[in-house]
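*Asks:* Spelled out from the first residue to the last, the chains are:
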Amino acid sequence: MVWPAVSLVLLLSVFPLVFSLWVLFVEYDFSVSNDHPWVGLDNFNDNLIDPVWWNSVKVTAILALSAVAVEFILGLLLALAMLRPFRGRRILMVLVVIPLFISPVVVGGFWDLFLRQPIGPANQIATWVLPGGPVTTNFTEDGLWPYISVVMADAWQWTPFMFVVMLAGLSAIPNDVYEAAEIDGAKPRQSFFFVTLPLLLPIMLVAITFRLIDAVKLFDIIYTLTRGGPGTQTYTTSYYLYYQGFERFHLGQGTAGAWMFMIVLSVISFWLVRRLLKPVEA
Amino acid sequence: MPDDDVLSFGEHGSEDAFDRRELLKKSGRLAAAGAVAGPLLMSAGEALAAGSAAVTDPIAATAVAQAKQYKGITLTTIRETGPQAADDKLFGGPRWKALTGINVETIEGAMNEVYTKQVAEHVAKSGKIDVVEALGGWIPDFADRGVIVPIDSYIAKYKAQATIKDIHPAYRSLAQYKGKTYGFFDDGDAWMLYYRKDVFANGKLRAAYRAKYGKSLQVPRTWDEMTQVSQFITDQMAPKIYGQGHARALGNPGNYFYFMQAFRSFGGQFFNPTTMAATINGPAGVKAMNVILKELKASPPGSEKFDFLTMWTTWLQGKTAMLYTWPPTGRISENYAQRDKAFSFLPKSKIVGKVGYAVVPGKNGWFNAVVRCVSADSENQDAAYLFTQWDTSPSVSLQRVMLPYSLRDPYRISHFKSKKYGSLWPAAPQYLKGLNNAANTGVVELVMTGAADYSTALDRAMTAMYSGKDVQGTLDDLAKEWDAITKRTGVDTARASYANFLKLTGSTKRTTAEAKGIDVKI
Numbered sequence: 001m002v003w004p005a006v007s008l009v010l011l012l013s014v015f016p017l018v019f020s021l022w023v024l025f026v027e028y029d030f031s032v033s034n035d036h037p038w039v040g041l042d043n044f045n046d047n048l049i050d051p052v053w054w055n056s057v058k059v060t061a062i063l064a065l066s067a068v069a070v071e072f073i074l075g076l077l078l079a080l081a082m083l084r085p086f087r088g089r090r091i092l093m094v095l096v097v098i099p100l101f102i103s104p105v106v107v108g109g110f111w112d113l114f115l116r117q118p119i120g121p122a123n124q125i126a127t128w129v130l131p132g133g134p135v136t137t138n139f140t141e142d143g144l145w146p147y148i149s150v151v152m153a154d155a156w157q158w159t160p161f162m163f164v165v166m167l168a169g170l171s172a173i174p175n176d177v178y179e180a181a182e183i184d185g186a187k188p189r190q191s192f193f194f195v196t197l198p199l200l201l202p203i204m205l206v207a208i209t210f211r212l213i214d215a216v217k218l219f220d221i222i223y224t225l226t227r228g229g230p231g232t233q234t235y236t237t238s239y240y241l242y243y244q245g246f247e248r249f250h251l252g253q254g255t256a257g258a259w260m261f262m263i264v265l266s267v268i269s270f271w272l273v274r275r276l277l278k279p280v281e282a
Numbered sequence: 001m002p003d004d005d006v007l008s009f010g011e012h013g014s015e016d017a018f019d020r021r022e023l024l025k026k027s028g029r030l031a032a033a034g035a036v037a038g039p040l041l042m043s044a045g046e047a048l049a050a051g052s053a054a055v056t057d058p059i060a061a062t063a064v065a066q067a068k069q070y071k072g073i074t075l076t077t078i079r080e081t082g083p084q085a086a087d088d089k090l091f092g093g094p095r096w097k098a099l100t101g102i103n104v105e106t107i108e109g110a111m112n113e114v115y116t117k118q119v120a121e122h123v124a125k126s127g128k129i130d131v132v133e134a135l136g137g138w139i140p141d142f143a144d145r146g147v148i149v150p151i152d153s154y155i156a157k158y159k160a161q162a163t164i165k166d167i168h169p170a171y172r173s174l175a176q177y178k179g180k181t182y183g184f185f186d187d188g189d190a191w192m193l194y195y196r197k198d199v200f201a202n203g204k205l206r207a208a209y210r211a212k213y214g215k216s217l218q219v220p221r222t223w224d225e226m227t228q229v230s231q232f233i234t235d236q237m238a239p240k241i242y243g244q245g246h247a248r249a250l251g252n253p254g255n256y257f258y259f260m261q262a263f264r265s266f267g268g269q270f271f272n273p274t275t276m277a278a279t280i281n282g283p284a285g286v287k288a289m290n291v292i293l294k295e296l297k298a299s300p301p302g303s304e305k306f307d308f309l310t311m312w313t314t315w316l317q318g319k320t321a322m323l324y325t326w327p328p329t330g331r332i333s334e335n336y337a338q339r340d341k342a343f344s345f346l347p348k349s350k351i352v353g354k355v356g357y358a359v360v361p362g363k364n365g366w367f368n369a370v371v372r373c374v375s376a377d378s379e380n381q382d383a384a385y386l387f388t389q390w391d392t393s394p395s396v397s398l399q400r401v402m403l404p405y406s407l408r409d410p411y412r413i414s415h416f417k418s419k420k421y422g423s424l425w426p427a428a429p430q431y432l433k434g435l436n437n438a439a440n441t442g443v444v445e446l447v448m449t450g451a452a453d454y455s456t457a458l459d460r461a462m463t464a465m466y467s468g469k470d471v472q473g474t475l476d477d478l479a480k481e482w483d484a485i486t487k488r489t490g491v492d493t494a495r496a497s498y499a500n501f502l503k504l505t506g507s508t509k510r511t512t513a514e515a516k517g518i519d520v521k522i
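Quick mapping for you: the protein sequence lines, in order, are chains A and B. Here the first sequence is numbered in my numbering, starting from 1 and rising by one per residue. Here the second sequence is numbered in my numbering, starting from 1 and rising by one per residue.
One or more hints might be untrue.
Some chain B residues close to chain A (C-beta under 10 Å, calculated; not the full set) [to be verified]: (1) Thr74; (2) Thr76; (3) Glu80; (4) Pro300; (5) Ser303; (6) Ala464; (7) Gly490; (8) Asp492.
Everything labelled a hint here was simulated from the structure, so no lab data went into it. C-beta: ideal position from N, C-alpha, C; glycine also.
Whole structure, please, built from the sequences with the hints as guidance.
*Replies:* Printed below as a string of structure tokens:
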């Protein structure tokens with residue numbers, strides 16, 4: 001009875017995995033040959049000697065950490081602001097959460113249109129808001145702006161996730177804890193730092209862990225917003241692997257890179273989960 | 001009836017003007033001609049020379065007559081999304097079906113996806129694509145990897161040799177690789193300089209230019225003149241009009257062609273032909289890149305991210321004075337293309353009648369090939385071949401290059417001499433002459449194994465330099481990246497492939513059609 005399901009699983013997951021293990025050690029490169037001779041560890045080496053690979057690793061780390069930090073801070077502030085009821089709170093919450101349901105490709109396209117000179121309104125808005133002369137920044141080309149633009153787009157989409165998780169965590173803290181703190185003479189700021197944050201910490205760590213694991217795979221927004229540019233400045237590792245494997249058909253190199261990336265991610269994820277979830281176990 | 005009219009299906013081939021009754025009449029006439037044509041066919045060369053008989057295109061007629069045996073099958077083509085695909089979907093496909101009973105389906109994708117999709121289908125051996133679309137630079141890899149098949153035996157079998165002789169000499173060899181023919185050339189993609197005649201005739205501007213430089217304002221003929229005149233116009237007229245404004249966005253479709261044309265007009269060679277070391281970082285490379293950076297300064301803000309749509313929109317709105325790029329610019333400038341709703345993605349031109357044509361500064365403009373090939377994985381290779389023979393035949397291709405919505409442009413000597421095309425708008429004869437001259441003096445895209453990798457690496461390096469990276473250092477890094485690509489391909493393989501490239505017309509400024517003495521005078 002279960003064999004059709006088992007066959008499907010074998011066909012769709014186990015076979016590609018095993019196939020990729022073979023591809024790792026042979027030359028599987030459209031631009032070189034139709035044959036697939038054994039090349040040992042050359043596919044791994046092709047990545048390791050490529051400066052673009054190392055740059056992509058660095059960019060991935062910088063973007064993931066920056067984006068998650070921004071999302072965490074904004075999400076927490078929003079959750080604190082929305083914790084107590086006020087007029088229009090429900091509508092505002094719905095509006096805040098909407099980006100979460102938009103495809104990342106659309107998010108990248110939207111930010112591209114928003115930031116792009118001369119058609120995007122970003123420069124005009126900045127000119128209205130900021131003192132001094134007209135703003136003429138090319139947000140996806142100039143200086144550090146390509147990084148900032150990617151972080152902005154990612155944060156716009158994923159801050160709502162942090163917000164929802166933080167709000168759930170804050171709502172779960174019982175009122176009597178605050179009442180006890182108040183009786184002990186704690187001021188609001190002291191209540192926040194010595195009551196709210198410690199109690200919220202486990203949920204914060206879970207949210208950060210989940211977002212970090214997701215953020216290091218950043219691809220869609222890069223694909224639509226910067227195409228990895230200027231040059232290779234915003235190549236993340238996922239984008240680099242896509243480029244090698246599916247644009248240039250260096251499938252051996254791409255597969256080796258994907259395995260290396262997966263192993264590194266697995267180790268980091270394992271460490272994060274073990275380390276960050278420790279307080280929960282305690 | 002002039003030879004232009006063979007297989008004509010309505011005024012200018014426009015869908016709006018499509019007349020079903022006329023189609024059926026002409027289909028019947030063509031079918032009859034085809035049936036007679038088979039055994040009694042005069043040589044294609046004689047037929048072309050004969051010029052103006054009632055049905056004088058035996059290349060098309062033979063293809064139709066022979067393809068009828070495959071009635072009911074479906075051929076799948078692949079085309080770039082939009083006007084390129086519309087060519088098959090609105091023109092070639094329906095007409096081929098009416099003439100032969102063979103269905104044509106078209107897969108669409110962005111240009112880079114056209115490459116990846118075809119390779120992916122080949123790797124998967126799906127047999128989904130029958131007619132392969134190849135840029136010239138893809139042909140070596142496609143041929144060596146067995147994505148496409150040589151068509152010499154088909155050409156001989158169906159007596160289609162004359163269809164190649166009518167192609168402009170600059171383009172003729174681009175479907176050839178290692179002595180074999182891998183498809184039919186299908187698009188005259190030679191760059192010209194398009195300039196605003198009204199801007200260059202502006203009295204105040206001319207006086208100011210003379211006052212500043214002590215000479216009269218002229219359409220630039222060298223790269224130094226181009227940067228100087230562009231900057232001058234920008235300084236005088238921006239933000240109303242900028243000197244120029246090209247598409248410089250990364251990968252859409254890229255920047256490498258800007259560099260490759262200027263680089264070679266400065267005498268640059270991509271590799272040392274003996275060692276295959278990349279030589280792109282030499283003086284010619286630095287000079288070419290500095291020209292492009294100067295051009296950027298004379299361009300509208302944000303042009304580093306312009307795609308072709310933005311570039312053409314800016315031009316059509318009259319905000320730039322010069323543009324060197326692909327041929328549709330001539331047609332869209334005169335609102336010829338925008339008459340069709342399939343081309344509604346571009347605004348109406350505000351510069352109708354104001355555009356002049358010249359050779360790209362430095363004389364060596366870029367040109368590339370689009371070749372229709374037969375897939376090695378197709379189960380209907382004979383029918384796929386016959387479709388390409390018909391679709392690219394002198395008469396049908398003329399119809400296609402005149403379609404308002406198509407992005408196919410003149411590439412045959414008969415196209416350049418076509419009176420019918422020349423009557424499409426007042427300056428069309430000058431446009432055709434300009435395109436012919438551009439092919440005479442142009443330099444061809446890089447056609448060799450790994451061309452896509454080399455081009456992408458160059459594209460990335462250029463956008464890095466746009467954002468302020470040092471020119472010499474970036475070109476040095478690029479040369480190392482090119483060397484790594486060559487090493488991956490294999491130095492011997494790359495050397496043989498590059499040697500093959502150097503034999504092509506237009507591989508360097510010393511091998512253009514004009515330099516070889518095989519140019520076409522119109």
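*Asks:* Run the structure past the numbered hints and jot down the numbers of the failing ones, going up.
*Replies:* 1, 2, 3, 8
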